[in-house]
Structures are given as C-alpha cells and as structure tokens.
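Residue numbers (my numbering), protein chains in the order written: chain F, 1 to 634; chain G, 635 to 736.
The reader is advised that the hints may include incorrect statements.
[To be verified] Partial list, derived from the structure: chain G residues whose beta carbon lies under 8 angstroms from chain F:
1) 656
2) 657
3) 691
4) 725
[Unchecked claim] Distance ranges between label pairs, derived from CB positions:
5) 605/F with 640/G: 46 to 56 angstroms
6) 704/G with 616/F: 21 to 31 angstroms
7) 706/G with 593/F: 54 to 64 angstroms
8) 607/F with 706/G: 21 to 31 angstroms
9) 593/F with 640/G: 41 to 51 angstroms
10) 685/G with 605/F: 28 to 38 angstroms
11) 561/F with 732/G: 56 to 66 angstroms
12) 727/G with 621/F: 35 to 45 angstroms
13) 693/G with 607/F: 21 to 31 angstroms
What the hints contain is simulated information worked out from the structure, not anything from laboratory work. We put the CB at the ideal spot given by N, CA and C, even for glycine.
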Amino acid sequence: MFNEYALHHAWLIPLLPAIAFVVIGFFLRKSPVLSAFLAITMSMVSFILSLGVGYGVVVQHITVEHPLIDKIPWVDIAGLSINMGMYIDPVSALMLFIVTLVSLLVQIYAVGYMKGDDGFGRFFAYLSLFAATMLGLIIAVNFVQMFIFWELVGLCSYLLIGYYFHKPSACEASKKAFMTTRIGDFGLLLGILLLQIVFGTLDFAQLTIAIPEYVQQYGTGVLTVAALLIFAGPIAKSGQFPLHVWLPDAMEGPTPVSALIHAATMVVAGVYLVVRVFFLYSMLPNVMLIIAWVGGFTACFAATIAITQQDIKRILAYSTISQLGYMMLALGVGSVTASMFHLMTHAFFKALMFLAAGSVMHGLHDKGNIFEMGGLRHKMPITFAAMTIGVLAISGIPPFAGFFSKDEILLAVSEVSAPLYIIAVVTAFMTAFYMFRLLFLVFCGPEKPENNPHEAPSTMKFSLIILSIFAIIGGYIPHVYHFGEWIRFGDASHEGLNWTIAATSMVLSVLAMALAWLIYGSGKVSPDRLAMRFSTLYNVSYHKYYIDELYLWLNYTFVRGFGKILYWLDLYIVDGIVNGLAKLTYRMGDELRQWQTGYLQQYGLILFGAILIMVVWLVITAPISMASLRGGAY
Amino acid sequence: MISLVHYLTVAAILFIIGVYGVLTKRNIVTILMSIELMLNAVNINLVAFSRFIQPEVLTGQVFSIFTITVAASEVAVGLALLFRVYHDYDTVHIDKLNRMRW
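The whole structure should be built from the sequences, with the hints applied where relevant.
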C-alpha cells in the first residue's frame, strides 16, 4: 500500500527538499529554529518515502532489467523532445536511500555543529537545495536531466565550500572546485551531444536498447569516443586523477558539508553516472580497462598522499579520493555490484568519520592538525568510539561494513587483472595504515594540556551513533541478504566470500595497524626520524606529488603565454583590421571632401558642362539632324 | 528673310552670355542680371517656335508671359535676399559670403 504510493510518487523525494530550500531561502532564513526544523522534516519525509521506494522495489520485483519509469515531456520542439521523470530500479532506490539517510543525519548533526553561526538559515537552505538536486540526479531518466542536476549539485558544492565566504581560502577553494569540475563537465556535455547526434535520443531506456544494436551494426568507434568523453565528467566529479585536486581543498567548507557532499553523496555521482550508463560501458572493453586503471591508480596514488598529510580533514579527503578510485576500479573490472556495495558502505563509514572529525574539531575549537591532538579518548568517548568504528570499517576488519564491500572489489579485480589486484591490495594496506595513524595520533597518547576538549552536543552524538550502527551492520546484512542478486548488471556476480582473498586483506590490515601503532601509538619508532630518513619520499607525498604546483606552472606558462599571443592577435590583427577599415573610410572621405568646394559657380559650371555634353550627344545621335532644321520650311 | 534659325541663334548667344555671367561674375547683382538674360533667351525661343511652327495658336507667347511673371517674382525675391545680405554683411561679393563653407 505505502510502497505503491512511494513508488509512484518518488518525484516527491527531490521535490520536498526543494520546497524546503525555497521556503527557507525566502522566508525563514532569519530564524535558525524554523529553518532547521523545516529542512529536517522535509528530509525525514523524503527518507521515509525512499524507504518505501526501496521496499516497493523489492516486493514488486523491479530489477535493473525492468525498471519503473515515469516521465512527462519537458521540452517538445520539432526534432527534439526531452522528458523529465523518474527512473526507479534497485540502483537508484539504493542511492535514494543512502542520500536521504546521510542527508537527514548530517542535517541533524549540523544543528549542533553550526549552532550560533550567522549563516545558520542559509546553511540549511543550501543543504536542502543540495539534497533536492542530488536526488533529482539519482532519478534522472535521460542524460539531459542528469546533466542539469549534475551541474546543480556542482553549484551547491560551490556554495557550500565557499560557505565561509569571508575567508579567502574558502573562496579560492570553491572557485577551484567549480572550475576543475567544469573541465570534466565539458567533456561530459560533448559526450552527451555526440550520443544525441548518433542516436537522436538521450533517454536511458531507449539507449539501453539502441546501443547493442548499434554496436552490432557499426562497431564501437564513435561510442568509444563518446564513452571516454562522458567519463571525463566522473573523473572530475569523483576526484579521479588527474582532476582530483579540488577535493582536498573542498575541505574548507563546514565539516557536515564535507561529510555529506564531499564524502558520501555528490562525489559518488560520478560512480553513479557510470553505473547508470553501464549499458554503454559494458559494450566497450577498452574503455572499461581505462576506467579500471584510472580508478586503481587514483586509489593507490591518493593513499600514498594521505599517509603524510597532517590535517585531519585532508587525510579523510585523500582517503575519499582513494576509495572513489576503488569504486571506479570495481566498475572497470565490470562489477557493478561490488562498486555499488562499496559506495553504500563507504557512504556510511566515511560520513561517520567526517562527522567524528567534525566533532573533534568542534571540541578543539577548529584545530585541524592531528599532531596537535592526542589523548582525546578520555574527554570524547562517543566520538572516539565512532571514529574507531569508522577506521575499522574502512580498514576492512570483519565484521564491519568495509570488510564485505572491499572484499568483493578485491575478488572482482583478482578475476580480471593481477597487477590491478596487487595495486588494490597495496592500497588497502596503506588505507589501514594512515587511518590507524590518524586514530592513534588523535585519540591515543598523552593529552595535550593546551587543548581543552569537550564532547559533542546531543544532536551530533545522535548522528554519530546512528551512522556507527550502519557502519557496523551495513556490510554484513546486505551480504547475508544477497545484495549481489539485487543490484547487478547482467549476471549476479561475486556473491559470497573468497576466504583466501579475505584473509590476505585482513592480515595486511592488521599488519598495517601494528605498524601504525609502532610508529604513532607506542612511540618506539620516531615518525620524525622516519621522515628524515626517507625525506625525498616524504616530501613528494607531503606536497601531494607537486601536482598543484605543476598545474599552477602549466597555467602560468601555457595559459598565460597563450593568452598573451591571443592578446597580441586581438590588438594588432583583429583591432588592426577594424581600425584600418575605419581609417580607410576616413581617408577616402577626406579626399572626396575636397571635391565639395562649396563654390556654387563651380557646381553650375559642371551642371552646364554636363548639359552641354548631353545636348551635343543628343544632336549627334538625333534622328532629325540640324541640317533638316536649317534647310526646312522655316 | 529672318528665319527661325536666326532667332534661335540670337537666343543661344544670349543664353551663353547669361551662363557665362552666372558662372564667372562674383557680384550677386550681376549674377541676377545674367539669370534674367538666360530667362529672356528662353522667352525668345518660346515665341520664335510658337510663331514659326504653329502660328495659329498662341501657346508659346502665353507661356512666355508666364515666364516673365515668374522671372519678375524671382527677381523680387532675389533682390530682397540681396538687400538682406547687403544689410547684414556689408557686401554683395559672393566670395565673401562663405560662412556655410567647410
């Protein structure tokens, strides 16, 4: 009954937060209590509706092959009709559940975290707008709707990173995020246009049918180009190498934003897009290989950076990049199941860790450097417990959520490519290492007297506890209830555990934990001396492989140099032509003006001269000659 | 016997003198007088053609009466302007009246 209603009114899920945004934005901005109340209520209703959708999908046997699609025409002009609507299948139902859940919990958390902030109402308005656009993206029925909401979530990301707009660093970070993602969006748009040109439709359901036929008939040439262009969007949005640079800087936003947008939801939009158009990618093994390698490289690359970072949120940001790389890797080896599973568990434990980090920073008055923390477990037991659960989950220790999803990815990868499997395992080892490093440095060891920490307020604790529960059971329950048969593409894949792979990754995680304890927990090995010993490696990692510097340099040399050339062209060629034309006209006018003497008599002379010539000419050619006049009767 | 051609010749000479005067003289009075010469040359033509080609109807003569009338009013207007110009600029020499020239 309810699930029926929820399924056919799924469009309400994005609409309700949108209403909250409008009402808060225009009327309630000045009232913190009312704006938070409205935003949370709307999120709550959205969440309940998405639960209904999820339940409906299960009981009505809606599968990836037979989605529920409901759409209305939006633009209908000759030769082009674009629909807006909802595309409900297990994948989007799962995404709806994740996004509404995390969004709801983050909003509850933010009530405590943002308390007393001047922009409280504005913050909730933005969060509502973000929830609305992200949910709209999830239920997109075609590329156009997807792209519109894709850009809108980018806008929300920009607004929320730059939430503290009085801070120059926040403004810079928001601009960087917006522009970097714009590079990928450009590719995405080109890819979409290419598909429209080739197929004449952008509807997912129609493309699902059209693409295999096209491949059979014409091969994969054009589609490879389109698929690669489309993949540029996820590269930028999901922080894949080489466009990952914006994500760590995005941590300038408030921590709830980092948890919601830059860990759990928006950054996985790229993964979701690839899943949504998997009917295209599954046809193109070469592109899949590229995706796998981009993902695998990003995962490993970001993990090596995270090892040496000192800011708590930046570590988590690089960890997010790394885990997103994992998801891409899973997609690249063809396992939608593993990717979506990891997406879900990652949303839980990464949001949890971000919220715990926010709680730490809240308790320490916005201090972010983990080397200035220590011994916080006494004063902040709940935060400590939450962070520990998150760390255990991401490190893949059973029975926490990350163990099951990570294992599925490793299993899927091991079946396709040995080098990628090794990369993934090394990444898992490094992930466990830097996560335990963070945990030990922040919560263990002696307390620092200059810190005066206090435990988070109750709303924040509430969200931490709920997310902790999900981070614990979020892997096991789906695993038991056959997640892989519910969300899949083609055959159900990788159900169950491979104990060799699981044991390997588990042993490595424990080893990493021991190593981290040796260096950062017990103090037996000095981290500073290690850094001195491997100073080159340390510096390269600490400076993030100098990629930001490289981009700046590239920008200066090439973009500016190119700009200078264009400036010269504009100044001397384009302007030269225009000015030259003007000068020519002026000169000609100046010359011709001389003929206009103003002497009336000169004009008269010309007039009479002309008449004379005409008369003479007429007389010469006239049929009646002068002679006939003279010799005539008169 | 004085034929049409003689009349036309006189008229042509008169007209040419008028044109010459209009084009070369710098004094407005002289120019006006030259214009009168040209008009009268036309009158002679009109009357001559009328007399020699269709003597029974007086179209040409009547037309020349009209021309004289128009010429008279033209001279009246022209002289009025001339007086005005002389009054304002103290000259009737057209080279001096160059205020509108660039």
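Structure versus earlier hints, numbers of those that do not hold, lowest first: Of the numbered hints, 3, 4, 5 and 7 do not hold.
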